[in-house]
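Asker: So the chains spell out like this:
Number of protein chains: 2
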Amino acid sequence: MRKVLIPKKDYVKELIKIIRVTKDEQKLRNLLSDYHEKDIAEAITFLTETERKHLYRVLGSERIAEIISYFDDAEMYLEELSLEQAAKVISYMDADDALDVLDDLSESKKNEIVSHLDADAQKDVQKLLSYEEDEIGSCMTNNFVCISEELSVREAMSELVRQAGEHDNISTIYVTDTEEKFAGAIDLKDLIIARENTPLQEIVSSSYPYVYEHENISECVEKIADYEEDSIPVLTQDGKIAGILTATDIVELVDDAMGDDYAKLAGLTSEEDLKEPTIVSMKKRLPWLIILLFLGMAVSSVVGIFESVVAVLPIVICFQSLVLDMAGNVGTQSLAVTIRVLVDEDLDTRKKLALLGKEMKIGFLNGASLGVMALVFLGIYIHLFKKYAWMSAFLISGCVGISLVVAMVISGFVGTIIPMFFHKIHIDPAVASGPLITTVNDLVAVITYYGLAMVFLIDIFHI
Amino acid sequence: MRKVLIPKKDYVKELIKIIRVTKDEQKLRNLLSDYHEKDIAEAITFLTETERKHLYRVLGSERIAEIISYFDDAEMYLEELSLEQAAKVISYMDADDALDVLDDLSESKKNEIVSHLDADAQKDVQKLLSYEEDEIGSCMTNNFVCISEELSVREAMSELVRQAGEHDNISTIYVTDTEEKFAGAIDLKDLIIARENTPLQEIVSSSYPYVYEHENISECVEKIADYEEDSIPVLTQDGKIAGILTATDIVELVDDAMGDDYAKLAGLTSEEDLKEPTIVSMKKRLPWLIILLFLGMAVSSVVGIFESVVAVLPIVICFQSLVLDMAGNVGTQSLAVTIRVLVDEDLDTRKKLALLGKEMKIGFLNGASLGVMALVFLGIYIHLFKKYAWMSAFLISGCVGISLVVAMVISGFVGTIIPMFFHKIHIDPAVASGPLITTVNDLVAVITYYGLAMVFLIDIFHI
Numbered sequence: 001m002r003k004v005l006i007p008k009k010d011y012v013k014e015l016i017k018i019i020r021v022t023k024d025e026q027k028l029r030n031l032l033s034d035y036h037e038k039d040i041a042e043a044i045t046f047l048t049e050t051e052r053k054h055l056y057r058v059l060g061s062e063r064i065a066e067i068i069s070y071f072d073d074a075e076m077y078l079e080e081l082s083l084e085q086a087a088k089v090i091s092y093m094d095a096d097d098a099l100d101v102l103d104d105l106s107e108s109k110k111n112e113i114v115s116h117l118d119a120d121a122q123k124d125v126q127k128l129l130s131y132e133e134d135e136i137g138s139c140m141t142n143n144f145v146c147i148s149e150e151l152s153v154r155e156a157m158s159e160l161v162r163q164a165g166e167h168d169n170i171s172t173i174y175v176t177d178t179e180e181k182f183a184g185a186i187d188l189k190d191l192i193i194a195r196e197n198t199p200l201q202e203i204v205s206s207s208y209p210y211v212y213e214h215e216n217i218s219e220c221v222e223k224i225a226d227y228e229e230d231s232i233p234v235l236t237q238d239g240k241i242a243g244i245l246t247a248t249d250i251v252e253l254v255d256d257a258m259g260d261d262y263a264k265l266a267g268l269t270s271e272e273d274l275k276e277p278t279i280v281s282m283k284k285r286l287p288w289l290i291i292l293l294f295l296g297m298a299v300s301s302v303v304g305i306f307e308s309v310v311a312v313l314p315i316v317i318c319f320q321s322l323v324l325d326m327a328g329n330v331g332t333q334s335l336a337v338t339i340r341v342l343v344d345e346d347l348d349t350r351k352k353l354a355l356l357g358k359e360m361k362i363g364f365l366n367g368a369s370l371g372v373m374a375l376v377f378l379g380i381y382i383h384l385f386k387k388y389a390w391m392s393a394f395l396i397s398g399c400v401g402i403s404l405v406v407a408m409v410i411s412g413f414v415g416t417i418i419p420m421f422f423h424k425i426h427i428d429p430a431v432a433s434g435p436l437i438t439t440v441n442d443l444v445a446v447i448t449y450y451g452l453a454m455v456f457l458i459d460i461f462h463i
Numbered sequence: 001m002r003k004v005l006i007p008k009k010d011y012v013k014e015l016i017k018i019i020r021v022t023k024d025e026q027k028l029r030n031l032l033s034d035y036h037e038k039d040i041a042e043a044i045t046f047l048t049e050t051e052r053k054h055l056y057r058v059l060g061s062e063r064i065a066e067i068i069s070y071f072d073d074a075e076m077y078l079e080e081l082s083l084e085q086a087a088k089v090i091s092y093m094d095a096d097d098a099l100d101v102l103d104d105l106s107e108s109k110k111n112e113i114v115s116h117l118d119a120d121a122q123k124d125v126q127k128l129l130s131y132e133e134d135e136i137g138s139c140m141t142n143n144f145v146c147i148s149e150e151l152s153v154r155e156a157m158s159e160l161v162r163q164a165g166e167h168d169n170i171s172t173i174y175v176t177d178t179e180e181k182f183a184g185a186i187d188l189k190d191l192i193i194a195r196e197n198t199p200l201q202e203i204v205s206s207s208y209p210y211v212y213e214h215e216n217i218s219e220c221v222e223k224i225a226d227y228e229e230d231s232i233p234v235l236t237q238d239g240k241i242a243g244i245l246t247a248t249d250i251v252e253l254v255d256d257a258m259g260d261d262y263a264k265l266a267g268l269t270s271e272e273d274l275k276e277p278t279i280v281s282m283k284k285r286l287p288w289l290i291i292l293l294f295l296g297m298a299v300s301s302v303v304g305i306f307e308s309v310v311a312v313l314p315i316v317i318c319f320q321s322l323v324l325d326m327a328g329n330v331g332t333q334s335l336a337v338t339i340r341v342l343v344d345e346d347l348d349t350r351k352k353l354a355l356l357g358k359e360m361k362i363g364f365l366n367g368a369s370l371g372v373m374a375l376v377f378l379g380i381y382i383h384l385f386k387k388y389a390w391m392s393a394f395l396i397s398g399c400v401g402i403s404l405v406v407a408m409v410i411s412g413f414v415g416t417i418i419p420m421f422f423h424k425i426h427i428d429p430a431v432a433s434g435p436l437i438t439t440v441n442d443l444v445a446v447i448t449y450y451g452l453a454m455v456f457l458i459d460i461f462h463i
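Chains as they are written, first to last, in the working numbering: chain A, 1 to 463; chain B, 1 to 463.
With the rest of the complex left out, here is chain A (with noise of 0.2 Å):
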């Protein structure tokens, strides 16, 4: 049953047979409109230029406009076309998708095309440009329908009807008051099925979910995709409807937000795309390491100190990597659990040493179970190959299995602890944790194991 038996359909490949094959241009836009533009985007890769350019005749500006936002990187196709004939095709598409494309273009071209835009398009994307890159303005859609509150259901339908033309996000209408401020939603299926002489105020929920333009991204969108809605209004200070955010913008604000979060836990400032340049992507990892490269810095005077144990008992070298190693592991594992709760959800107090408490008693558990693991195998290991006798390896191995212990302790309060404070103090933990977390925990494992090798392997036991 785990194996899908008939294979899908590629209309890629279709898409392109029926491009190439197809002269008659009237039945070639006719069998190209029961495509997607999804698939005539991913069709479109596979062709040279003079079939494309061909294409985009066939196509027209209007179809061309779905397209375009399909494409990855939109700048090559849209150079392959006129200038009057790329501004066509931008005015014809969402505001959020127009300025996706044109940050695809170099500047220049950008303010060539926007310039030649139609006044509607040029202020509806100036107004998006006038955001700052995380504020969820910057990522709203013009395309929604409105209707006054005074209307009757009959009459709202027919506004339907006459809006729906040029605006296609219809599940969700959003209602505004006599002064044209948001007022409530209704679904569209309710005014569907209502019937004509009920009041259009029954069918408004007057307390649907909003944000505000100048909201942060990463602050509002786990709270708006929450609400599991098709659109969310985006709505100015003064309460009026800016634009809305459609369900479709909001899987690709979760898809960023958790990608740059991913990205952040892996040491990168941002997400990486397959096609950027080698130097832009050396940009975005290097700041981590050469902060990691200072810190680390800092780790090795510390182990410096130790420099006499390690001349007493050469031994001990070798476990260090397993006990630094170990301490990190559980301190990524805390910072990641602590970094998506803190994004989830708003922990007060109470809940936040909760958390704690539980990362602590994770880490004991954990470390026990290694620890007694390290015990038991490395002291074999160290009696058989490295030839001390039963009562030094078990000691040696003893004294990595409690640093383990307490290492992993310490690294689950400060893998907790340290994302806290950042949130507390409003700077991403998902950025600044890292860096300080490895640093943390390196000297704190350092510490423990040379520490109580000193005290304990050569100062009382004198191994």
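The hints are simulated quantities; they were obtained by calculation from the structure and are not laboratory data. Wrong hints could be hidden among the right ones.
Since the list gives no way to pick one copy over another, a pair counts as held whenever it fits inside one copy or between any two copies.
20 Å max Cα-Cα, derived PhoX-like pairs, lysine-lysine [what the hints assert, rightly or not]:
id : residue 1 : residue 2
1  : Lys223    : Lys275
2  : Lys110    : Lys123
3  : Lys284    : Lys361
4  : Lys351    : Lys361
5  : Lys352    : Lys424
6  : Lys283    : Lys361
7  : Lys424    : Lys351
8  : Lys8      : Lys223
The structure displayed is predicted, hence computed values, not measured ones.
Use these hints to put chain B onto chain A, whose structure you have.
Answerer: Frame of chain A; chain B shown alone:
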């Protein structure tokens, strides 16, 4: 401009007040009808048991059904309902939401409720339960409108109104042929603005994207999201519509898929929940830690080979953690980038080689930058604080610098090739790559660093 000046309405606080103050049940019901189910769900978590039980009576099963899917943990609230009412509530829910709620319950409670469901709901839930957890069929809903392609626009519209009472995902209407097989989809907007005498064929997209019910979620979710549609049909093997995925389902799937990748990068077997018991979290973390412990022991035995180097030149141990950490960081960066690329795109061999080359180039360039910094700063540090002569100090720091370059190039290579390899043999690279990469990088870094120190510092320059 960055601050939100007007505070958002706190619907949850409003709701708590309304519920506590309003004595008249009919009035309360009317007031609540205006609020979003998510906000009511949140308000409920602040009520006492008596208040909740009163509220359940006022709301009625259908509204509770809409609210209950917003709870993080519905078990406690379902327990407060009688078995009959719980079953009635579940019957009103979309099958996929019902399944989510039922999964929170104990096995016995779950079976008890399922046996009390009405026949339709029972069939729907059993159907979803028949899928594996990682199959896309397990996430679909049967809440969609489906019409025959033989209808006229007028008939289609009245069929829609008839079905819309029960099925509220109406922005895309699915079309079946005479054999009841999936034949395409109609955008509701197109149906609304179509003239009554337009043939339905003209507004049907016959090449609409779809998935098969047994496809693996993680393999198809990004592709589904790429279509940016409000819903995607899930087909049986013989081409019939089994259900649909709505945009809000897709938001959830993307969120889950990314959350899982994120968790795996951090060394967790799956994403953790704040409310799960310590022992469950512990079990999610221990497997990786045990694997890493034993791999770490392997690294330890390799470090052991170089004990003689350390005995002669104890200062080299100071910088072991630095070289290992940096190699590990670079490996993680390459790993994270490669995993996202593998999820997002279909790469041919040429593109894979290009990515591999790019990662190594970045490793080299970043390694060189950091190597030079290490050479300069560590050289000065060793001379000033460790009292080595300038010459020796720079030989030692040079050894660290060269190790950084070599280790970072190889880490970039390993961090890219290992996930590609696991992807090729159909093992989830996000799970399998981490421990292997850490270990291989540690080994490479240890051998490079101590090897270089042995040959370069001790054998050649006799420091």
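Asker: State for each hint whether it applies.
Answerer: Hints, one by one, checked against the model:
1. Lys223 with Lys275: between (32 Å within a copy, 19 Å between copies)
2. Lys110 with Lys123: within (15 Å within a copy, 55 Å between copies)
3. Lys284 with Lys361: between (36 Å within a copy, 14 Å between copies)
4. Lys351 with Lys361: Within one copy, since 15 Å is at most 20 Å while 46 Å is not.
5. Lys352 with Lys424: So lysine 352 and lysine 424 pass the 20 Å test inside one copy only (11 Å; across, 42 Å).
6. Lys283 with Lys361: This pair counts as between: shortest inter-copy Cα distance 13 Å, intra-copy 39 Å.
7. Lys424 with Lys351: within (14 Å within a copy, 43 Å between copies)
8. Lys8 with Lys223: So lysine 8 and lysine 223 pass the 20 Å test across copies only (13 Å; inside, 36 Å).
The earlier numbered hints are all upheld by this structure, with none contradicted.
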